[in-house]
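Enquirer: Sequence:
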Amino acid sequence: MLTGILQIGEYVLNSKSVEADDYIQVIENPNEKGNYRHVLKIGFNLNERDVGYRGIEYEEFSDKKIVKYAYKKGSARGGDITPTSKYTDPSKTLNKIMISLNDILKNSNPADEEFTIFKNIYEYISSNQEKIENEISEKIKSITLEKGESFIITLSLFENENERYMGDFNIIKDRLGKISNEQYFNKYGTTSKGIGICYYCKQKTEVFGFVNTYNSYTVDKIGFVSGGFKQENAWKNYPVCGSCAQKLEQGKKYLRENLSSRFSGFNYFVIPKAVIRDKEDEKEFIKTLEEFEKNKNFSTEKDTRQNLLASERDFLDIMKDSKNFLNYNMLIYKEEQSGSVFRILLYIEDIVPSKVKNILKIKDKIDDIDLFRNLPGKDNSTYDLKFGFDKIRTFFPNNKTEGNFDKSFLEILNNVFTYKKISYKFLLNRMISKIRSAFVNEEYIDALVLQALMSILFIEKLNLFSDKEKGVQKIMIEKTEKNKKYLDFFENESYKDAFDSDYKKAVFLTGVLTEKLLNIQYDERKSKPFYSRLNGLKLDRKLVKRIFSEAVNKLNEYNKNYYKELEYLIGMYMLGEEADKNISNDDISFYFVLGMTLAKHFKEEKKDGEDVEP
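Its first residue numbered 35, the sequence shown is counted upward by one per residue in the numbering used here.
The reader is advised that the hints may include incorrect statements.
Simulated crosslink set (DSSO-like; lysine-lysine; CA at most 30 Å straight-line) [what the hints assert, rightly or not]: (1) Lys495 x Lys508; (2) Lys588 x Lys513; (3) Lys368 x Lys106; (4) Lys126 x Lys287; (5) Lys236 x Lys286; (6) Lys576 x Lys513; (7) Lys354 x Lys389; (8) Lys368 x Lys420.
Simulated restraints on C-beta separations [as the list claims (entries may be wrong)]: (9) Arg88 x Leu179: 21 to 31 Å; (10) Arg377 x Lys98: 28 to 38 Å; (11) Gly112 x Thr239: 28 to 38 Å.
Think of the hints as simulated: they come from the structure by calculation, not from any bench.
Glycine included, C-beta positions come from ideal geometry on N, C-alpha and C.
Make a model of the complete structure from these sequences and hints.
Expert: Spelled out as structure tokens, the structure:
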């Protein structure tokens, strides 16, 4: 993974005209996730070396001012490297700024003109800290924030009405420049560097021991250091030279800005990795990265896309059209403790363009199925249901009520992209459990059932089910005008594989008949008493027979049995019950509720002297 990131960093340094100053390479974007969109400035007037406090001022965060803000995160227990910090509360944040100012003064030349300026600022804040904290609190109260938004707090100075930010001062630039390489070898009160072979470029040079691109490799405790528990020897375990460390940092920044997003509650990166053999391959690699750069629908945008297949189609289109020498790694991760811990949840290696192309092709086929189009929405509107991994995620939630199914969901995601087998029985059990819960609570379940069906069809068409046995079809029924709508439905090329047994058809049609009865009951009585006879959708063969018999009797009692042909088909397909010995109770429950959901597709035509079907 890191080799791919280094390759991208090399591209950035060679092709993106990145400013060469060491201090700029170190500066971080405090708003990289899009939730620090506001800036509070502790403002001072500057007259030569004298400073006068002017108050707390506000501005919207600007990407163009990232270098001016000069943010560089420090240690969790101390201040940040510069007097620009992410806001937590007035006291803590101002303390971090004071720690940073103190460190800058201790490491600067007292004869420097800017030293005096920053010393005066430090002394003023120190003497008036409570006042400034109160003003910060009052300013925050006056600003409307959206959920999850916060501030960065920084210093700015006005000289003849020209505003200067932290990144405009040499004393700050020098501080950042000094730590450009120092951060890779000077930590934990220990220095770790020596002459060795760099892990990446294989050159013998000075290498460092504390290069930790994603906070996943750490030697902050001596027990984590192999070879004698000596932190100063960490460079022998993972030796990285300064040049490669900078490439990793640039690659990391580029990933954040161009190749990262969220879906179904997860953060992820897509990392292109190329085997470059000649100039043409290199041009193609650069062309691919430039295509990614054109798509600005990723994590820093306010309207972050949530669906890996449905709404980020452009993202995967680029992947599928790549040449054979280029493949992709996908990293799904979680950041904890305010970003100080980077936890890899799933790493999918070597996703080849041809597989992505096939996945998108199957997705398009699923989206085009008529069952998922023109569905009833709010205020008499309609919508089309589009497949994405969020549809599968629905049945693998992570919440206090239902539990944490992250691991199972990520395993399915991995298996789809790597074409490994998925357990149909396990997937169906999760789906019917969710549907049953909603059914018992008398919630609207049609959307759930359709999401389950489209997820099953998607994986089925990828041929990834490991334990889905083919059903038995022996019953031959002649097509007539009366039964045509049912037989045509079962013969539809888009989903006929889902109805691969006579008994599944019987159960499905029993669900259709039951929904017809429930609609008649509601039309007659404004209630659905037969609902209680469905056993909370915990069905088996015996219960399906009972429901069928009782539904027919009830329709006759209401004198509204418009469904003689449907009853005949159910009876015929029931003859295939014995041949389909492997069907599970989960299958039976699912096909029954699927019939209830799709019953609206089988309207009976009105005959002379009959009422209209509700």
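Enquirer: Hint by hint, say whether it matches the structure.
Expert: Quick rundown of the hints versus the structure:
Our distance criterion of 30 Å between C-alpha atoms is met by Lys495 and Lys508, whose separation comes to about 24 Å. For the hint pairing Lys588 with Lys513, the CA-to-CA distance comes to about 28 Å; that is within 30 Å, so the pair holds. Proposed proximity of Lys368 and Lys106 is supported: the alpha carbons are some 21 Å apart, at most 30 Å. Straight-line distance between C-alpha atoms of Lys126 and Lys287 comes to about 28 Å, which keeps the hinted pair within the 30 Å bound.
In summary, the hint linking Lys236 to Lys286 is supported, as the alpha carbons are separated by about 21 Å, within the 30 Å threshold. Restraint check for Lys576 and Lys513: satisfied, since their Cα atoms lie roughly 29 Å apart, inside the 30 Å limit. For the hint linking Lys354 to Lys389, the alpha-carbon distance of about 8 Å falls within 30 Å, and the restraint holds. Restraint check for Lys368 and Lys420: satisfied, since their Cα atoms lie roughly 27 Å apart, inside the 30 Å limit.
At about 24 Å, the CB distance of Arg88 to Leu179 agrees with the hint of 21 to 31 Å. At roughly 33 Å, the beta carbons of Arg377 and Lys98 sit within the given window of 28 to 38 Å. At about 31 Å, the beta-carbon gap between Gly112 and Thr239 stays in the expected band of 28 to 38 Å.
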